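What follows is the residue order along each chain.
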Amino acid sequence: MSAVIARRSFLKGSAIAVAGASLALERAPAWAQKRELTMLSFNHFVPASDDELRRQADVFSKQAGVTVRVDTIAGPQMFAKRAAEVSSQSGHDVIVTGAADPFLYEQQLVDMGDLVDHLGGRYGGWYPFAKETCHTASGWRAVPWFWVAFVGSYNEVQFKKAGVQAPKTWDDLLKAGKVLKKQGNPVGIPISQCTDANITFWSVLWCAGGKVLEPDGKTPAINSDKAAGVVEWYKELYKDAMEPEVLSWDNASNNRFLLSGKGSWIHNPISPYVAAVEKKMPIADEINHHNSPGGPGGIHSATGVNSLGIWKFSKNIPLAKDFIKFLFEKENYNAFIKGGSAFNQPPLRGFAEHPIWASHPKYAMLPKEAEYVHEQGWPAKPNAAVQLIVVNFVLPNMVAKAIAGMPTKRALAWGEDQIRLALQGKLETKGK
Amino acid sequence: MIVGVRSRGQRIRSSVFGWMNVLPYVFFALFPFYYMIITSLKKDTELYNLKAAPFLIQTGVITDHYWYLFFKTEFLTWMKNSLIISVTATAISLVISILAGYSLARLRFPGVSSFGTAVFITYLVPPTLLFLPLSQVVVWLGISDTIWALIVTYPTFLVPFSTWLLMGYFRTIPKEVEECALVDGASRMQTLTRIVLPMAIPGIVCVILFGFTLTWNEFTYALTFVSQSANKTAVVGVTADLIRGDIYYWGSLMAGAVVASLPIVVIYVWFLDYYVSGLTAGAVKG
Amino acid sequence: MAVGTRVLETVGRARPGRLARAREWWEQEHVFGYSLIVPALALIAGLVAYPFAMAIYFSLSDYWVGSPGSFVGLQNFRDILGNEIFRQTVSNSFVFTIIAVILKAVLGIWLAMLLFRPLRFKRLIRGAVLLPWVIPTALSVLAWRWMFDSLYSVVNWTGIRLGLMNPPGPNWLGMADYAMSAVIAVNVWRGLPFFAIIVLAGLVSIPREYYEAAEVDGASSWGRFRHVTLPLLKPVLAVVILFSTIFTFSDFNIVQVLTAGGPVNTTHLFATFAYQMGLTGGNLGQGAAVSLFLFPLLAAIVFIQLRYIRKE
Numbered sequence: 001m002s003a004v005i006a007r008r009s010f011l012k013g014s015a016i017a018v019a020g021a022s023l024a025l026e027r028a029p030a031w032a033q034k035r036e037l038t039m040l041s042f043n044h045f046v047p048a049s050d051d052e053l054r055r056q057a058d059v060f061s062k063q064a065g066v067t068v069r070v071d072t073i074a075g076p077q078m079f080a081k082r083a084a085e086v087s088s089q090s091g092h093d094v095i096v097t098g099a100a101d102p103f104l105y106e107q108q109l110v111d112m113g114d115l116v117d118h119l120g121g122r123y124g125g126w127y128p129f130a131k132e133t134c135h136t137a138s139g140w141r142a143v144p145w146f147w148v149a150f151v152g153s154y155n156e157v158q159f160k161k162a163g164v165q166a167p168k169t170w171d172d173l174l175k176a177g178k179v180l181k182k183q184g185n186p187v188g189i190p191i192s193q194c195t196d197a198n199i200t201f202w203s204v205l206w207c208a209g210g211k212v213l214e215p216d217g218k219t220p221a222i223n224s225d226k227a228a229g230v231v232e233w234y235k236e237l238y239k240d241a242m243e244p245e246v247l248s249w250d251n252a253s254n255n256r257f258l259l260s261g262k263g264s265w266i267h268n269p270i271s272p273y274v275a276a277v278e279k280k281m282p283i284a285d286e287i288n289h290h291n292s293p294g295g296p297g298g299i300h301s302a303t304g305v306n307s308l309g310i311w312k313f314s315k316n317i318p319l320a321k322d323f324i325k326f327l328f329e330k331e332n333y334n335a336f337i338k339g340g341s342a343f344n345q346p347p348l349r350g351f352a353e354h355p356i357w358a359s360h361p362k363y364a365m366l367p368k369e370a371e372y373v374h375e376q377g378w379p380a381k382p383n384a385a386v387q388l389i390v391v392n393f394v395l396p397n398m399v400a401k402a403i404a405g406m407p408t409k410r411a412l413a414w415g416e417d418q419i420r421l422a423l424q425g426k427l428e429t430k431g432k
Numbered sequence: 001m002i003v004g005v006r007s008r009g010q011r012i013r014s015s016v017f018g019w020m021n022v023l024p025y026v027f028f029a030l031f032p033f034y035y036m037i038i039t040s041l042k043k044d045t046e047l048y049n050l051k052a053a054p055f056l057i058q059t060g061v062i063t064d065h066y067w068y069l070f071f072k073t074e075f076l077t078w079m080k081n082s083l084i085i086s087v088t089a090t091a092i093s094l095v096i097s098i099l100a101g102y103s104l105a106r107l108r109f110p111g112v113s114s115f116g117t118a119v120f121i122t123y124l125v126p127p128t129l130l131f132l133p134l135s136q137v138v139v140w141l142g143i144s145d146t147i148w149a150l151i152v153t154y155p156t157f158l159v160p161f162s163t164w165l166l167m168g169y170f171r172t173i174p175k176e177v178e179e180c181a182l183v184d185g186a187s188r189m190q191t192l193t194r195i196v197l198p199m200a201i202p203g204i205v206c207v208i209l210f211g212f213t214l215t216w217n218e219f220t221y222a223l224t225f226v227s228q229s230a231n232k233t234a235v236v237g238v239t240a241d242l243i244r245g246d247i248y249y250w251g252s253l254m255a256g257a258v259v260a261s262l263p264i265v266v267i268y269v270w271f272l273d274y275y276v277s278g279l280t281a282g283a284v285k286g
Numbered sequence: 001m002a003v004g005t006r007v008l009e010t011v012g013r014a015r016p017g018r019l020a021r022a023r024e025w026w027e028q029e030h031v032f033g034y035s036l037i038v039p040a041l042a043l044i045a046g047l048v049a050y051p052f053a054m055a056i057y058f059s060l061s062d063y064w065v066g067s068p069g070s071f072v073g074l075q076n077f078r079d080i081l082g083n084e085i086f087r088q089t090v091s092n093s094f095v096f097t098i099i100a101v102i103l104k105a106v107l108g109i110w111l112a113m114l115l116f117r118p119l120r121f122k123r124l125i126r127g128a129v130l131l132p133w134v135i136p137t138a139l140s141v142l143a144w145r146w147m148f149d150s151l152y153s154v155v156n157w158t159g160i161r162l163g164l165m166n167p168p169g170p171n172w173l174g175m176a177d178y179a180m181s182a183v184i185a186v187n188v189w190r191g192l193p194f195f196a197i198i199v200l201a202g203l204v205s206i207p208r209e210y211y212e213a214a215e216v217d218g219a220s221s222w223g224r225f226r227h228v229t230l231p232l233l234k235p236v237l238a239v240v241i242l243f244s245t246i247f248t249f250s251d252f253n254i255v256q257v258l259t260a261g262g263p264v265n266t267t268h269l270f271a272t273f274a275y276q277m278g279l280t281g282g283n284l285g286q287g288a289a290v291s292l293f294l295f296p297l298l299a300a301i302v303f304i305q306l307r308y309i310r311k312e
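Protein chains in written order, with the numbering used here: chain A, 1 to 432; chain B, 1 to 286; chain C, 1 to 312.
Just so you know, these hints were derived from the structure itself, not from any lab. Keep in mind that this is a model prediction, so the values were computed, not measured. The reader is advised that the hints may include incorrect statements.
As the list claims (entries may be wrong) - Computed, partial: chain A to chain C, Cβ under 7 Å:
1) Q193
2) R256
3) L388
What the hints assert, rightly or not - Reference listing, derived: stretches of chain A covered by chain C, where coverage requires no fewer than 3 residues with Cβ under 8 Å from a Cβ of chain C:
4) 235-247
5) 390-398
All residues carry an ideal CB built from backbone N, CA and C; glycine is no exception.
With the hints as extra help, turn the sequences into a complete structure.
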């Protein structure tokens with residue numbers, strides 16, 4: 001009997017709990033009485049950069065009398081998230097885009113031409129790569145936000161010991177690397193299925209005067225003597241200046257390689273140095289940076305440009321544009337550069353004079369990189385085919401095949417074949 | 001154990017044999033976990049020291065990584081979300097699959113076997129790209145970006161699996177027991193809840209165990225249907241906040257893995273006792 | 001007691017009323033049977049049917065992430081068949097699934113039999129054995145990634161110290177065969193508890209008398225296993241192997257975190273390649289075609305196996 005009562009009161013209790021929970025859930029939309037603007041970004045390498053972004057969002061919230069929410073997720077997860085938001089036509093208002101996104105989502109993103117003109121006029125104009133990455137056949141589909149330079153990160157002490165200089169060209173790197181490997185400090189460029197492997201390959205290829213696609217974005221151009229030279233260069237570098245571990249690397253491996261004190265040189269953003277300083281690792285003192293190497297074709301370096309887009313399904317388009325404008329205000333953007341420990345490089349010339357670069361000798365070379373960089377795909381636009389070439393790791397895999405013994409000519413033919421496959425999709429979008 | 005009378009020597013030999021065989025498994029199963037714990041308690045400088053022995057802590061145990069996990073991320077909120085989602089989704093799926101499993105295993109009506117196959121085939125649908133159209137459904141239901149989005153969608157992959165597992169258990173219960181109850185005037189529902197369910201407890205425990213694990217681990221839906229940090233699950237939250245581009249917070253990541261799994265293992269072991277003893281108690285034919 | 005209920009029931013039934021008639025209707029076997037599966041069918045119809053239909057439609061159209069496409073028939077399937085990476089993926093998937101499932105089945109039965117024996121610290125051992133299944137995969141695979149790291153691999157460190165490997169040791173994630181072995185090892189590590197626990201349940205339910213009889217007949221332990229355990233475990237094994245094969249075939253996390261399909265696509269599985277093609281690459285049509293490619297075959301196998309299980 002008492003058990004029955006106990007059970008009953010328990011049931012009653014849980015019924016109340018359930019009711020309470022559903023009340024609480026129902027209240028959630030009620031908070032949103034204030035207009036809410038949402039933004040989706042990826043987690044910044046430097047947490048303080050996200051903190052600064054959120055601080056600015058709060059300031060904007062107060063000024064505009066709205067609520068701005070900034071959500072962050074891991075970078076590689078952005079692909080799934082963008083696709084899901086488009087598929088369900090709901091989600092955030094502002095979204096960080098990169099690489100081919102302005103092209104892939106051309107029909108889903110709002111035209112940003114007015115904002116781009118306004119910002120360009122106000123802050124000294126855009127670098128050339130801005131237009132290369134965000135301007136589609138139907139106009140600007142995103143506003144370039146910040147980009148991250150891939151530079152040479154090297155161990156000065158080991159270079160001095162080996163009696164070699166920081167490389168100015170990729171051939172210099174090969175020569176220096178041979179000496180360094182003998183000393184027990186090989187260099188490292190990933191030849192594997194990771195983004196860094198892609199980025200470096202494009203850079204080396206461009207510097208040699210080669211290209212993957214013709215500027216029309218439809219004609220394969222990889223099967224050339226220049227590309228063959230690059231593959232040969234990779235083979236020699238792999239044999240005489242690197243170790244087989246580069247075949248297994250992910251994006252974080254080269255950071256560890258340099259920070260462990262074993263590796264002497266990597267092609268990477270400045271993240272190893274920033275992490276070493278933050279974790280107070282003694283090796284930080286030995287690391288320095290130099291500009292991305294060049295070659296007979298000039299100095300070119302691939303990068304990822306992060307841009308800001310607004311979904312067409314957003315109900316707050318003008319407000320979202322105001323928010324982006326706010327993020328670019330001199331005071332805010334400078335604070336953003338500082339929050340990102342010099343990581344966040346501006347696409348606008350007007351911000352190049354930031355004290356963080358001038359004051360820190362190891363960062364002094366960074367602003368210059370802006371003259372060298374292109375989005376992957378250049379001289380073609382980063383269209384859907386480029387995206388497939390990149391995510392299927394066609395280029396590093398082509399090199400890996402040559403290293404595994406496939407004749408260079410055949411490896412290039414394999415690459416060309418894969419590029420043709422990537423091109424068979426529908427490439428011309430109607431715009432609008 | 002197999003036959004009552006055995007000499008002491010035989011017993012010792014058998015026990016040594018058992019241990020010799022079990023130990024490699026235990027080692028295989030535990031080593032990665034041990035390694036996670038070690039990594040979560042190590043200084044970063046030691047972790048990145050090529051000369052240090054990787055499976056020892058030589059420069060002192062630190063709790064900084066746990067501190068970072070608990071106070072610099074919203075880990076506790078994520079754990080709470082994960083717990084609510086997993087418990088609720090498993091419970092809902094359990095009820096649905098008990099009903100369906102019982103019906104498909106025990107009752108005779110036209111089309112029963114094709115329904116059974118249909119439920120199973122659902123399980124085969126490749127989940128990789130399913131989340132895209134499912135995200136539309138979630139928006140139609142008006143539950144996107146809440147934990148309800150996950151509570152509602154998780155049963156889609158739990159129910160087929162649980163139903164089939166339970167069907168097997170229901171089949172092993174002797175039919176006569178049910179018939180007796182029906183003859184005694186119990187309704188069909190009463191027969192199910194009072195007679196059949198208690199006898200199927202091992203199966204139910206099994207479903208809870210596996211259902212809970214699958215929801216606890218689920219990644220893609222948790223990532224795409226929820227974006228506010230306050231509504232994230234543990235797995236998504238931890239990997240999102242502690243992997244930043246090419247920088248991994250190894251210590252805190254491993255701390256997260258340890259904290260997200262230890263309490264569950266304890267509960268599981270307790271459940272498992274119940275499960276194995278429930279099975280031994282009989283009522284199950286070979 | 002039983003009589004009491006029965007009397008009440010008859011009284012209830014004697015009273016002619018809508019309620020009673022509804023109850024009688026509900027008590028019919030087929031009505032009851034159908035109504036119990038309604039929630040499950042509603043769930044499937046509401047949440048699985050539409051997405052599944054859409055996925056099929058994706059695979060038959062030139063759908064990209066940002067732009068809806070038009071119907072193209074089987075073009076996507078022709079395209080992926082012409083792609084060397086896809087053909088590689090197919091063979092990887094079979095190698096991976098067959099080896100991993102065999103290992104899990106053999107080791108799982110063996111482990112279940114060990115766990116079945118009386119051992120001290122039974123709970124601890126069971127907990128230890130279950131652990132890999134419980135740790136969230138996305139995190140546990142990271143730990144494995146770290147264990148196979150090219151610089152800090154604890155496996156190689158130990159192997160070299162014990163003189164089993166020549167420095168620097170195997171390039172686990174950089175060489176095709178090693179990478180496949182690594183991926184399979186992690187899959188077995190994670191999937192073994194699932195196997196062992198379900199088989200354990202089967203073992204527990206085998207009546208002792210069978211073993212006693214076999215022992216009296218003088219059967220060796222292998223003979224007992226071969227003639228008593230294995231035949232009686234068959235129904236359980238059939239189900240668990242079926243489930244495990246499906247689980248293994250659709251594995252995503254392990255490969256995605258450990259190798260991202262590398263080196264040179266030698267560990268790509270259907271799920272990872274579909275994701276790479278459809279989501280990161282944006283070609284939803286081909287991605288869906290990759291993921292659905294084996295669906296008809298799997299469905300046929302399952303259909304046959306289910307009939308077999310039912311007959312047993």
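Hint-by-hint comparison with the structure:
| no. | hint | result |
| --- | --- | --- |
| 1 | Q193 | holds (3 Å) |
| 2 | R256 | holds (6 Å) |
| 3 | L388 | holds (5 Å) |
| 4 | 235-247 | holds (count 5) |
| 5 | 390-398 | holds (count 4) |
Against the hints set out earlier in the document, no violation occurs for any number.
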